[in-house]
Amino acid sequence: MNKALRSPTIFLLFILPALILFVMFFIYPIFSSIYYSFTSWNGVSTHVKGIGLDNYTKALEQKRFWVSVQNNGWFIVFSVFIQVPLIVLFSLLIAHVKKLKGLYKTTVFLPSIMSTAVIGILWGFIYEPDIGLLNQILGTFGIQPIYWLSDERFAMLSILITNAWQWTGFYIVMVLAAILSIPGELDEAAAIDGATAFQRATQITLPLIRPIISVVIMLSIAGAMKAADIVLVMTKGGPAGSTEVMATYMIKYAITNFKYGYGNTIAVLIFIFTVIITVLYQLLIARRNERIEY
Amino acid sequence: MAHTWKKGLPHFFLLLYLVVILFPFLFVLFSSVKPDNNAIALNPFGIPHKLVFQNYVEAWVNAKISTYFFNSLYISILSSVVSILLGAMFAFAVTRMRYGRVAAALFGLVLVGMLIPNNALMLPIYTLVRKLHILDTHWALIIPYVANAIPFTIIILAAFMRSLPSEIEEAAVMDGLRSGGIFARMIVPLTVPAMVTVFIVNFLGNWNEFLLANYFLSNDDLRTLPVGMVQFRDQYQMNYAQMSAGIVFSVVPVIVIYAILQEKIIEGVTAGSVKG
Numbered sequence: 001m002n003k004a005l006r007s008p009t010i011f012l013l014f015i016l017p018a019l020i021l022f023v024m025f026f027i028y029p030i031f032s033s034i035y036y037s038f039t040s041w042n043g044v045s046t047h048v049k050g051i052g053l054d055n056y057t058k059a060l061e062q063k064r065f066w067v068s069v070q071n072n073g074w075f076i077v078f079s080v081f082i083q084v085p086l087i088v089l090f091s092l093l094i095a096h097v098k099k100l101k102g103l104y105k106t107t108v109f110l111p112s113i114m115s116t117a118v119i120g121i122l123w124g125f126i127y128e129p130d131i132g133l134l135n136q137i138l139g140t141f142g143i144q145p146i147y148w149l150s151d152e153r154f155a156m157l158s159i160l161i162t163n164a165w166q167w168t169g170f171y172i173v174m175v176l177a178a179i180l181s182i183p184g185e186l187d188e189a190a191a192i193d194g195a196t197a198f199q200r201a202t203q204i205t206l207p208l209i210r211p212i213i214s215v216v217i218m219l220s221i222a223g224a225m226k227a228a229d230i231v232l233v234m235t236k237g238g239p240a241g242s243t244e245v246m247a248t249y250m251i252k253y254a255i256t257n258f259k260y261g262y263g264n265t266i267a268v269l270i271f272i273f274t275v276i277i278t279v280l281y282q283l284l285i286a287r288r289n290e291r292i293e294y
Numbered sequence: 001m002a003h004t005w006k007k008g009l010p011h012f013f014l015l016l017y018l019v020v021i022l023f024p025f026l027f028v029l030f031s032s033v034k035p036d037n038n039a040i041a042l043n044p045f046g047i048p049h050k051l052v053f054q055n056y057v058e059a060w061v062n063a064k065i066s067t068y069f070f071n072s073l074y075i076s077i078l079s080s081v082v083s084i085l086l087g088a089m090f091a092f093a094v095t096r097m098r099y100g101r102v103a104a105a106l107f108g109l110v111l112v113g114m115l116i117p118n119n120a121l122m123l124p125i126y127t128l129v130r131k132l133h134i135l136d137t138h139w140a141l142i143i144p145y146v147a148n149a150i151p152f153t154i155i156i157l158a159a160f161m162r163s164l165p166s167e168i169e170e171a172a173v174m175d176g177l178r179s180g181g182i183f184a185r186m187i188v189p190l191t192v193p194a195m196v197t198v199f200i201v202n203f204l205g206n207w208n209e210f211l212l213a214n215y216f217l218s219n220d221d222l223r224t225l226p227v228g229m230v231q232f233r234d235q236y237q238m239n240y241a242q243m244s245a246g247i248v249f250s251v252v253p254v255i256v257i258y259a260i261l262q263e264k265i266i267e268g269v270t271a272g273s274v275k276g
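Order-wise, the sequence lines are chains U and B. Going by full-length UniProt numbering, 52 is the number at position 52 of the first sequence; the sequence numbering is gapless. Going by full-length UniProt numbering, 63 is the number at position 63 of the second sequence; the sequence numbering is gapless.
No lab work stands behind these hints: they were computed from the structure. Accuracy of the hints is not assured; some may be wrong.
[As the list claims (entries may be wrong)] List time: in silico SDA-like cross-link candidates among lysine to any residue, alpha-carbon distance up to 25 Å: (1) U:K98 to B:A259; (2) U:K101 to B:E263; (3) U:K58 to U:F38; (4) U:K105 to B:L261; (5) U:K252 to U:L53; (6) U:K105 to U:F273; (7) B:K264 to U:F31; (8) U:K98 to B:L9; (9) B:K50 to U:K58; (10) U:K105 to U:F38; (11) U:K105 to B:K50; (12) U:K49 to U:I76; (13) U:K105 to B:V254; (14) U:K226 to U:I137; (15) U:K63 to U:K226; (16) B:K264 to U:G223; (17) U:K101 to B:V252; (18) U:K98 to B:K264.
Using the sequences provided together with the hints, build the complete structure.
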């Protein structure tokens, strides 16, 4: 065998550049965040003062923090209970039709490769009260202009709709791939037995794609926990903090208000919350959807 | 009769969905060639009688969309290429060299990186970038982008390299190649298909990235397109025709790339979705 492939020096040379970057930008930041979350550091001074759990108790007592947690929650609720049913429905429809399948698949995927910032701007224009598309359409039905992004009652909903518009097609393509990989004979046999398209969809296809739906829900939850750019671009967390999410709350404190220690506390809390939700989901729901063989 | 109606119903819902996807784009496209807000308000749904291209000139030249555009292009291409180079070297070492346990442990470590919510790491990375004295240079984005892409790049490239037959090394030994030669002359050329997929995913990710780009650069001439667009919007808030032209500039390149490479993109991005 080739000696060169056994040389420790060469091995190190090949792995080190990537490994150093990985440690610098993944491992070090985790420990750094945990460390600074116990300090009142402002991010610039040379003096770092440890304050124990003060940042954590402060966060948990802040109403605005809980509003941001709740808004991450809205992202999750909206994706699981509105987006996922739509994803499943449209995936089944696309799988069912014979003509234009390719067109549907390519078009629905399009928004998900765009920059969230630009999509936020585009939808900001659509929500514009006077000349935006949405109010113009509502206007033709005689509905008075709605201040979508500056009315506390509608701002969060407007963001959730934009987010769903961007990502639904992405998940449809994933679910569609799973549906199309199911052997056709199953469906054909059922069709010969006289099952209607609806019966075949609900009794054959749906149970078989449960694992991928579970993955979609997991990914939506992960996406919901890290939502930030869409909020920053569309409302900057306003009006009156009503659309703040954990990540924008963290940024606001750490970078804009120089409360670096407190910001890191929020980062650690984002981490902990994500882990808790993921583990709970895995234990309570995903375990029942174990791999299905066919 | 009932039969054709049943057949048409799925298409009805699907076409409705396509309208919901495409109409916002058309609305912005039409608005971009209208003279002002008034013209948009009077005729929101159609193309104007007289096309005005001044908005595009204004956006591209005066509002510096061109500067942002080329900054984005440079940063996205450079970071994607470097992450593939470093990722391929790492993947080569852990899959083709004889270090079973060490390699498996290192590979596992990098896999864990896929599970970490990136946003939560933004603050320490900000401090790190400042300590490296690269804040407010393009390196402030390029290096974190490279690092960020490394787990995904390694996972895809390693999976691909594992599928290559082991006779490659034997053939290389006959040819008298060393590790560097095996990597450069045999593994890399064979891995190109996987690299293309990884390049597209990394490129799109970097091209669209907003948070780091927004907070790590303050010099306006260095900004990337998503950040530049947000600034442009804030500046021209009242001029929706010009803003639409700016949106068209940011969206068209992605649509063109997508039109050419859609299969590869869908395949690559859904493979990357493991990252969430």
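Results for each hint:
1. U:K98 to B:A259: Holds, because 22 Å separates the two Cα atoms, which is no more than 25 Å.
2. U:K101 to B:E263: Holds, at roughly 14 Å.
3. U:K58 to U:F38: 12 Å, holds
4. U:K105 to B:L261: It holds: about 14 Å lies between the C-alpha atoms, which stays within 25 Å.
5. U:K252 to U:L53: Answer holds: K252 of chain U to L53 of chain U is near 20 Å, not above 25 Å.
6. U:K105 to U:F273: Answer violated: K105 of chain U to F273 of chain U is near 34 Å, above 25 Å.
7. B:K264 to U:F31: Not OK: K264 of chain B and F31 of chain U at ~37 Å, beyond 25 Å, violated.
8. U:K98 to B:L9: 13 Å, holds
9. B:K50 to U:K58: Roughly 59 Å separates the two Cα atoms, so the pair is violated.
10. U:K105 to U:F38: 49 Å, violated
11. U:K105 to B:K50: 35 Å, violated
12. U:K49 to U:I76: Violated, at about 37 Å.
13. U:K105 to B:V254: 17 Å, holds
14. U:K226 to U:I137: 32 Å, violated
15. U:K63 to U:K226: 20 Å, holds
16. B:K264 to U:G223: Distance ~23 Å between K264 of chain B and G223 of chain U Cα, so the pair holds.
17. U:K101 to B:V252: 24 Å, holds
18. U:K98 to B:K264: Measuring from Cα to Cα gives roughly 22 Å; hence the hint holds.
The structure fails to meet hints 6, 7, 9, 10, 11, 12, 14 from the earlier list, while all remaining hints are met.
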